[in-house]
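Asks: Following the hints, complete the assembly by docking chains B, C and D onto the known chain A.
Protein chains in written order, with numbering that gives the first Met the number 0: chain A, 0 to 362; chain B, 0 to 362; chain C, 0 to 362; chain D, 0 to 362.
Since the hints were derived computationally from the structure, they do not count as laboratory data.
Be careful, since some hints might not be right.
Said to hold, decoys possible - Chain B side only, calculated, beta carbon under 10 Å to chain D, not exhaustive:
| no. | residue |
| --- | --- |
| 1 | Met123 |
| 2 | Thr124 |
| 3 | Arg125 |
| 4 | Glu126 |
| 5 | Ser327 |
| 6 | Glu328 |
| 7 | Phe329 |
Said to hold, decoys possible - Negatives, chain C to chain A, calculated, CB over 10 Å:
| no. | residue |
| --- | --- |
| 8 | Pro15 |
| 9 | Arg83 |
| 10 | His211 |
| 11 | Lys249 |
| 12 | Tyr308 |
| 13 | Gly359 |
The beta-carbon is built from N, C-alpha and C at its ideal position, and this holds for glycine as well.
There are 4 protein chains.
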Amino acid sequence: MSFSLPRYQEPDFSLPTFKNAPCARFEPAPCDGVAPDDFHATSIFPEYFQTNQGQWSLPVCSRMDCVVVNHDGALSVVEPRRLRQGDMVCVGRHENGEDGIYVHSEPFPVPPGSTAQFAFRTRMTRESSFSIDYDELYSLLRHERKHGSIVWVMGPAVVFDHDSREALEHLVREGFVDALLAGNALATHDIEASLYRTALGQEIYTKQSSPHGHYHHLDALNVVRKAGSIKAAIDNGSITNGVMNALHDKGIPFVLAGSIRDDGPLPEVYADCYAAQDAMRNIVQKATTVMALATQLHTIAVGNMTPSYTFTKEGQIRPVFFYSVDMSEFVINKLANRGSLSARSILTNVQDFLVTTARGLGI
Amino acid sequence: MSFSLPRYQEPDFSLPTFKNAPCARFEPAPCDGVAPDDFHATSIFPEYFQTNQGQWSLPVCSRMDCVVVNHDGALSVVEPRRLRQGDMVCVGRHENGEDGIYVHSEPFPVPPGSTAQFAFRTRMTRESSFSIDYDELYSLLRHERKHGSIVWVMGPAVVFDHDSREALEHLVREGFVDALLAGNALATHDIEASLYRTALGQEIYTKQSSPHGHYHHLDALNVVRKAGSIKAAIDNGSITNGVMNALHDKGIPFVLAGSIRDDGPLPEVYADCYAAQDAMRNIVQKATTVMALATQLHTIAVGNMTPSYTFTKEGQIRPVFFYSVDMSEFVINKLANRGSLSARSILTNVQDFLVTTARGLGI
Amino acid sequence: MSFSLPRYQEPDFSLPTFKNAPCARFEPAPCDGVAPDDFHATSIFPEYFQTNQGQWSLPVCSRMDCVVVNHDGALSVVEPRRLRQGDMVCVGRHENGEDGIYVHSEPFPVPPGSTAQFAFRTRMTRESSFSIDYDELYSLLRHERKHGSIVWVMGPAVVFDHDSREALEHLVREGFVDALLAGNALATHDIEASLYRTALGQEIYTKQSSPHGHYHHLDALNVVRKAGSIKAAIDNGSITNGVMNALHDKGIPFVLAGSIRDDGPLPEVYADCYAAQDAMRNIVQKATTVMALATQLHTIAVGNMTPSYTFTKEGQIRPVFFYSVDMSEFVINKLANRGSLSARSILTNVQDFLVTTARGLGI
Amino acid sequence: MSFSLPRYQEPDFSLPTFKNAPCARFEPAPCDGVAPDDFHATSIFPEYFQTNQGQWSLPVCSRMDCVVVNHDGALSVVEPRRLRQGDMVCVGRHENGEDGIYVHSEPFPVPPGSTAQFAFRTRMTRESSFSIDYDELYSLLRHERKHGSIVWVMGPAVVFDHDSREALEHLVREGFVDALLAGNALATHDIEASLYRTALGQEIYTKQSSPHGHYHHLDALNVVRKAGSIKAAIDNGSITNGVMNALHDKGIPFVLAGSIRDDGPLPEVYADCYAAQDAMRNIVQKATTVMALATQLHTIAVGNMTPSYTFTKEGQIRPVFFYSVDMSEFVINKLANRGSLSARSILTNVQDFLVTTARGLGI
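Extracted from the complex, chain A is given alone in its bound form:
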């Protein structure tokens, strides 16, 4: 199966809708972190703003539920908490030109056969067929390895199992991972597996419980905190294998976001969750494909900050693909309810997903 990017469908700005539209209005933020009344909030779609008559501008790095700030004609998409008093913020909530704003909700051609006519089985469940999704994913990942940026978002379940941890490590080493977004737990249990071959005290292959095994994750945290960082613990030879090790070897960036469930935490973990959001968004802005596995919290967080489109190196607009893989229909439905319309989902255990995907990619 070969892969080709769908072609962006530019709006036709010669249409009367656009010709007759006013310029977008911008009003000053009344104070730091506060938007003016009637602020415009962004969607996941490309949005155009008529900054001067006849000039429709598309901000470069978008995401949903943010505001649009005009700095001398340059538009940026900003979380409201990052506003500074006086920033000129776009106001207006009509989306079809009436306020000088156009939300382009069908930027790419809809694949044939995917129309939502009446049919049985219109909703995805565990009984949906996923064969084609795997095959399309393999060709997508092969394309993105060369031409894009694949960002993985993961819960700790991926490293609780020997084979899936190994598959993920191989994916990193073979170039299919451009960045990792996760929490303290994934890194901690991956490091526990390197130090003791266990996750939460249970051998990751044989599942035998170690004596005093419940100390392992606390000891792993202590070892790394003593070394000063994950990097230092790898450099001093404490951590010799696994996902974090492979990321280090390949120089691949990661963000570990803290949460109130954390023990430790590991030194690289962001304690401030909004600093973590900023670091995550820096990475997501370069993403062309997002793979979100077995984490409701991080999947929704990243879904919120992932636009439906980005730019190729050649400056062309292309879609951002978003896969979520989870056991739970609830997570999938929740993502759908949240508006991340471009998401595709596979309902399965991520252990099988990773092992199957690695094998499908021939690694």
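Replies: Positioned in the frame of chain A, the structure of chains B, C and D alone reads:
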């Protein structure tokens, strides 16, 4: 990973518990389908009955929640509904010899490391590691192909997906399936896939909905009913591929049990669910391994009629392995609550399970 | 909150679509239980058939996935398995008059606010708000007690808990139950509770396990089988309380459909699942509201045989309301995928649902 | 149903196990945030440390997975990240006196009937009976209102529904809530409901979607951020009802912990998740009962920091009760796997739980 059968631990009948025990008592069934008061109900374990002083008999084909009937010294394990008035039924509910009955609840050695000491992660969830379960399963299935009988129990989800349906067909053709227990839906959707390449009107690979696709399963049923049987529809060339086709080619028995959800039904389906139980138990009595996939109803039904042990061709007692594969912790917990203690479980989507298992077996 | 039935929107048969339509065609069934090629399959909606030019007939007792048989101008909706050779079966699959068939897919006005525009939260999850659903349900049930027929469909979970079993018994005695559709398990565990105050050996209020409690459901079955019927066991004073007792006291019909999971079964249980379907449909044809609780099997079975409309005693067309209550989004999605579009759902534990509903009705 | 506290079972320190035990050892933390090798990690149980021969000390505010620091004979239970270089940390991992440490794993008498013998239904599922749990909860909450401290931990689902939000508000106003631990989302949607009667744009009673309703939660955040705080927005009359309003009126403390999913956030939200942990633990240390509803993240976070015991005002040791209420068996199993052994669970929709509980308490 090589496979060896655990060795049966015969009770030591020279112990005082047995020496001092009375003979088991048998009383006549008061009428058809009714047991005498205080009847003994069987468990999933081997159970011995002292039929004459010093002679402890083990019935050949056991299952739980049945009664034990004595026909001139030969013991059989019988569903109460199959009792005939006057059948001599074992009475007594003590399980350690007091009533001449011994329930042997630890017939095989417990594998090291599986003891239930305090530990994190004592319950299986989707986050349990399953790598070793797959590897052990491959070696088990290779052993059973030669030396045992592998009975598969399945819900329709296994044929909704192109790759898993193909994997299952390969498993049949390569000798890893000795019998199939399923419902009307599995066979219907498998046949729909052969006739129209759809399941409930959706292409099983591309997932495109066919025009009038909701007719496909009704048409599939009508085609087979017109032919007179699945067999006839295969013989006349209507059904050319798939699971039912492979079973037919290899002469492998199947039981399709009817349910109140059925359309059709297909001609081979048992309308009487207790006749279906009898047919299923005939097959289960020969099983050495049961693979139950993606069906709560059939998994529990078969779990109820599967003993924890059976006999090798050489007459030795060996365990019956019972795997259940499902997305739902509820099904797994329910099975545990029901008493099928010997069950092992893998929590995943059966599509991935079948594709992975076929690949792990090298087919 | 008061309740009023939505008014049926009769098609306007004076429109050209109807004026220019041919008469519906009927062809003989080629043999028993087999429909002619190109048979028309019914939906859940009202469907009109032009039997003579200008005369559009609506069959009285419809259900989906059946065929329409013409007996001298009288149309009946028949399961294909019940066809007799030579029965005149409607053929044609166009639904907008082209084949003399009109499927009326919007028979009742859509409530304001329920349109499917873009919005967050378009899918129901456990986080949907259900306050209004309860309040509307109370007013509906009060209306139906006087003017309709409320059919309850239930899994055994409703009698595993003391308070919900009592709530259900009260609903029966207060006239909110016109029929019950269930399986062997519900009746068995309800009777076990009457005999021993346990369900599967666990006290239904204190949850304490009884010694030898696993015998209770087997003993309950044996007691009733010895008496000859549930009715006889109530009449002889063995069963003194609970759901089955209340149904008996009030003369309310029930259907217990057998399944391959059953122990026993109780004498009243249908062994033949298609005979059970027929008995269930006889009851469902009179239903004006269906309440389906905590059973995937029976909910889908009854959903398949429940039309979206029925007739009032005065001969007017009115909707049939279908509520499903379950813990699992999967069941709800599955029902949606199956085409039972008129279903409303509440995602909760049925224990709470029954207790809350009984209290909301003031009983 | 009346309530009485179980009586603490003091260890008998005159036993040889204790008489012959060495004193506990304490070693200095090698640097800030790092424990010495072989550090002792606390459990949820009471733990005694022999600080001088014959003197067994019990730290006052315990929690699991922490270290024990000795400040001149006063023991405190400290998260490793809060250690300062040179702090004297208890080392030794034996739990039965060998290291001068005694973990008292059966501090309270086990209720009769709750022993873990063989039985059906040993695991809790959605089909477990919960009647008694409700009744015991009512009497517990009535007791705790007078004599204890009830800490509620909640996900946003509790305010998505009109009736459950109102029930929770009543519980606050009637004195059944001593503190609230939640995230940004709960407060945001509660405030959205006060401002616009919606949650994520959907009317919380009628479920109608508002035009531009997806702006509501962003507008709610902006309104509060403009006011400066939730308190200020209540004081200026913007927020007039709901849970946050009731907490403010009653002067009840709350902690809102930030997460990477947050929009906004509200001004009171802790951006630093470890500062949030500290604030939460300050509250949990006073808790006598914890009610955790519909949040996996916060439930596990609070479960980790909640000990199994605390002290009454009179200085007596009593249990801390921990209830978790969720739709998902996974959350419950996960809690069990994590070691929060004292947790009790109710599997249901929290909407029903709150409405039922408020009614059960007569409010």
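Asks: Is it the case that C:Pro15 keeps its Cβ farther than 10 Å from each residue Cβ in chain A?
Replies: Label holds. Min Cβ-Cβ 24 Å, cutoff 10 Å.
Asks: Can B:Thr124 be said to touch chain D, with a Cβ gap under 10 Å?
Replies: At about 5 Å, which falls below the 10 Å cut-off, the nearest Cβ of chain D leaves the hint on B:Thr124 intact, so it holds.
Asks: Could you check if B:Glu126 really has its C-beta closer than 10 Å to a C-beta on chain D?
Replies: holds (8 Å)
Asks: Would you settle whether the hint for B:Phe329 is holds or violated, based on the nearest Cβ-Cβ distance to chain D being less than 10 Å?
Replies: holds (6 Å)
Asks: Using Cβ atoms only, decide whether B:Glu328 comes closer than 10 Å to chain D, and label the hint accordingly.
Replies: Hint holds; B:Glu328 Cβ to chain D Cβ min 5 Å, cut 10 Å.
Asks: Going by Cβ atoms only, is B:Ser327 closer than 10 Å to chain D?
Replies: holds (8 Å)
Asks: Please check whether the beta-carbon of C:Arg83 is more than 10 Å away from every beta-carbon in chain A.
Replies: Correct as stated: the minimum Cβ-Cβ distance to chain A is 29 Å, above 10 Å.
Asks: Compute the least Cβ-Cβ separation between C:Gly359 and chain A, then decide whether it is above 10 Å.
Replies: Given that every Cβ of chain A is farther than 10 Å from that of C:Gly359, nearest at about 27 Å, it holds.
Asks: Mind verifying the non-interface call on C:Lys249? Its CB should be farther than 10 Å from each CB in chain A.
Replies: holds (39 Å)
Asks: Does the closest beta carbon of chain D sit nearer than 10 Å to the beta carbon of B:Met123?
Replies: holds (8 Å)
Asks: Taking C-beta pairs only, is C:His211 more than 10 Å away from all of chain A?
Replies: Holds, since 33 Å exceeds 10 Å.
Asks: Checking hints one by one. Is B:Arg125 an interface residue toward chain D, by the C-beta closer than 10 Å rule?
Replies: With a closest approach of 7 Å, the B:Arg125 hint holds.
Of the numbered hints stated above, none is contradicted by the structure.
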